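Participant: Sequence:
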Amino acid sequence: MHGHRPRGLRGARRRLPVRPRREPRPGVRRAAPPGRRQLPQRRHLGRVVPVRVRLAPSPTGYFHVGTARTALFNWILARQDPEGVFILRVEDTDPERNREEWVQAIYAAMAWLGLDYTGPFRQSENAPAHAAALEALRAAGDLYYCDCTPAEVEARRGEGATPGYDGFCRDRGLERSATTALRFRTPDEGTLNVPDLVRGEVAFALSSIDDFVVARRSGEALYALANVVDDRDDRITHVVRGEEHLANAPKQMLLWSALNAATGIEVPLPVFAHLPLLVNEQRKKLSKRRDPVALELYRDQGYLVAAVLNYLALLGWSPRGDEEIVAMDEIVRQFRLEDVAHSPAFFDVRKLTALNGDYIRRLSPEAFAEACRPWVDPGDVAWRPTGYRPAWGLERYDEGLFARVAPLVQERVARLDEVPAMVDFFFIDPAYDEAAFDKVIRHDPEGPAVLSAAVDAYAGLEAFAPAALHAATLALGEARGLSLRKAQAPIRCAVTGRLVGPPLFESLAILGRAETLARLAAALARA
RNA sequence: GCCCCCAUCGUCUAGCGGCCUAGGACACCACCCUUUCAAGGUGGCAGCACGGGUUCGAAUCCCGUUGGGGGUGCCA
Numbered sequence: 000m001h002g003h004r005p006r007g008l009r010g011a012r013r014r015l016p017v018r019p020r021r022e023p024r025p026g027v028r029r030a031a032p033p034g035r036r037q038l039p040q041r042r043h044l045g046r047v048v049p050v051r052v053r054l055a056p057s058p059t060g061y062f063h064v065g066t067a068r069t070a071l072f073n074w075i076l077a078r079q080d081p082e083g084v085f086i087l088r089v090e091d092t093d094p095e096r097n098r099e100e101w102v103q104a105i106y107a108a109m110a111w112l113g114l115d116y117t118g119p120f121r122q123s124e125n126a127p128a129h130a131a132a133l134e135a136l137r138a139a140g141d142l143y144y145c146d147c148t149p150a151e152v153e154a155r156r157g158e159g160a161t162p163g164y165d166g167f168c169r170d171r172g173l174e175r176s177a178t179t180a181l182r183f184r185t186p187d188e189g190t191l192n193v194p195d196l197v198r199g200e201v202a203f204a205l206s207s208i209d210d211f212v213v214a215r216r217s218g219e220a221l222y223a224l225a226n227v228v229d230d231r232d233d234r235i236t237h238v239v240r241g242e243e244h245l246a247n248a249p250k251q252m253l254l255w256s257a258l259n260a261a262t263g264i265e266v267p268l269p270v271f272a273h274l275p276l277l278v279n280e281q282r283k284k285l286s287k288r289r290d291p292v293a294l295e296l297y298r299d300q301g302y303l304v305a306a307v308l309n310y311l312a313l314l315g316w317s318p319r320g321d322e323e324i325v326a327m328d329e330i331v332r333q334f335r336l337e338d339v340a341h342s343p344a345f346f347d348v349r350k351l352t353a354l355n356g357d358y359i360r361r362l363s364p365e366a367f368a369e370a371c372r373p374w375v376d377p378g379d380v381a382w383r384p385t386g387y388r389p390a391w392g393l394e395r396y397d398e399g400l401f402a403r404v405a406p407l408v409q410e411r412v413a414r415l416d417e418v419p420a421m422v423d424f425f426f427i428d429p430a431y432d433e434a435a436f437d438k439v440i441r442h443d444p445e446g447p448a449v450l451s452a453a454v455d456a457y458a459g460l461e462a463f464a465p466a467a468l469h470a471a472t473l474a475l476g477e478a479r480g481l482s483l484r485k486a487q488a489p490i491r492c493a494v495t496g497r498l499v500g501p502p503l504f505e506s507l508a509i510l511g512r513a514e515t516l517a518r519l520a521a522a523l524a525r526a
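For the first sequence, numbering that gives the first Met the number 0 gives the first residue as 0, with consecutive numbering after it.
Just so you know, these hints were derived from the structure itself, not from any lab.
All values reported here derive from a predicted model rather than from experimental measurement.
Careful: at least some of the hints might be erroneous.
What follows is a list of derived Cβ distance ranges for each label pair [as the list claims (entries may be wrong)]:
| hint | residue 1 | residue 2 | range |
| --- | --- | --- | --- |
| 1 | Glu322 | Pro384 | 43 to 53 Å |
| 2 | Ser256 | Pro384 | 46 to 56 Å |
| 3 | Glu134 | Glu100 | 30 to 40 Å |
Note that beta-carbon positions come from the ideal geometry of N, C-alpha and C, so glycine has one too.
Using the sequences and the hints, build the whole thing.
Facilitator: Structure (structure tokens):
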């Protein structure tokens with residue numbers, strides 16, 4: 000043959016993670032939940048084959064929320080099979096467009112999501128196998144050299160003709176040179192049915208599939224080939240990816256079969272599942288350029304990973320019953336590719352945010368306070384939103400105090416990044432909202448009067464506690480014919496700088512008598 | 001142009017021939033609760049794209065129309 004020995008399953012030999020992992024290996028797995036629903040089992044040579052799926056992102060930009068959903072669905076599938084394997088393979092062919100920082104971003108995103116995997120592997124590591132596959136196919140007569148430029152191909156294309164390449168060089172018998180690329184000879188007639196678990200079978204007329212390029216002039220294998228070789232080497236059983244890849248499926252099947260024949264290694268073809276696209280309000284595919292698609296962005300804004308995962312699962316799929324907030328174990332138990340919707344889904348940040356608020360409220364007070372640390376603790380934290388630092392320093396920050404305040408804000412935020420603005424007055428002098436200050440203190444004659452009455456009343460309080468503060472404020476308001484709603488406004492503004500915030504009397508009690516009185520006096524002075 | 005996919009409230013979806021007077025969630029509106037803002041509670045608004053079939057019966061099956069989208073790279 001051609002001296003080419005395809006590797007077996009990716010495993011011990013080559014398959015060592017290419018980099019030391021800095022983040023702790025996320026997630027725990029193994030135990031598949033009881034009562035799970037299985038993927039239709041795949042058999043090969045009479046044996047049931049464990050599910051092997053993969054995520055194959057290219058490092059050409061931020062980690063996309065759509066990629067996150069694809070990752071999640073693949074991960075779920077692997078989890079449903081006690082022997083299932085989920086591989087992360089970074090498709091880093093095309094040196095022109097890849098950047099190392101983006102591959103790091105892929106690892107970071109996966110770590111945050113907590114989706115554990117086998118790998119990570121890099122497509123570039125498998126370049127020798129790609130070259131060997133190219134040689135095997137060429138020797139078998141499946142490939143031919145072509146020196147047409149894109150412009151020439153374009154110029155020859157007639158009106159209404161089959162798109163793509165016209166087969167001009169098919170029988171020219173060109174040799175390898177610096178100006179020849181390698182094309183795959185595709186059949187001209189017949190139909191190819193792509194088995195797709197979400198859509199059923201999709202039929203393609205072979206006449207509509209052109210002789211596509213599998214290797215550049217430089218000789219390097221292109222995605223079209225590398226992807227198939229890697230999936231074969233990895234013994235992938237289910238190719239689960241976005242719908243934008245649907246048109247690639249028949250080409251990949253053709254290549255896969257040709258590789259089986261050319262190498263004499265019969266690897267069963269995978270079955271496909273093309274997930275509906277995630278779209279923006281204009282119903283266009285989410286784009287890295289116009290839409291907020293970077294997963295990192297959501298983490299920075301204080302979305303909880305559990306909420307993000309839950310929301311992603313709801314895009315194109317839904318749990319049984321009326322409850323949408325579902326634990327991951329339950330999602331794994333219920334998920335079936337066959338139930339995935341066929342139509343594109345709008346990525347609705349408002350719904351994500353609402354779901355996130357729900358998740359925040361379900362946190363224990365301790366867990367909530369801990370989750371807030373990157374936003375409130377000026378000390379050392381494991382992670383910080385990009386470009387953010389609390390507005391207060393260590394000397395003013397009090398962890399115990401924040402723990403007492405946290406429950407007050409927990410039910411008031413839908414994102415963690417809203418927390419600092421809600422608690423800042425505990426750690427810094429009030430940053431006055433001047434419009435608010437004018438409204439309820441400077442330009443309202445009752446304002447200063449309420450303030451000085453509060454100074455007197457609060458100073459004489461036996462216990463500086465919420466109930467007493469409430470009663471005192473109610474009383475001083477009534478003395479002026481003011482509702483509690485009206486009476487609390489100037490006090491809140493004087494002490495917190497704003498008109499909205501956590502419950503006032505609890506806040507004052509936590510702040511303490513001395514500080515409260517001082518702020519009341521300060522506000523009176525600047526009125 | 002050509003190939004392919006898709007079509008239930010504004011949005012995400014349930015529905016897989018009779019349980020549908022079409023269910024839930026987000027958003028929106030009203031009311032209640034209330035020291036602000038939220039949260040919470042109650043109620044409301046709102047949908048089967050259109051036209052033909054098939055059937056005793058269609059949101060559900062078939063065909064067509066229209067409308068959206070994806071692909072059409074020596075990108076992935």
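Participant: Hints the structure violates: just list their numbers, smallest first.
Facilitator: Failing hint: just 1.
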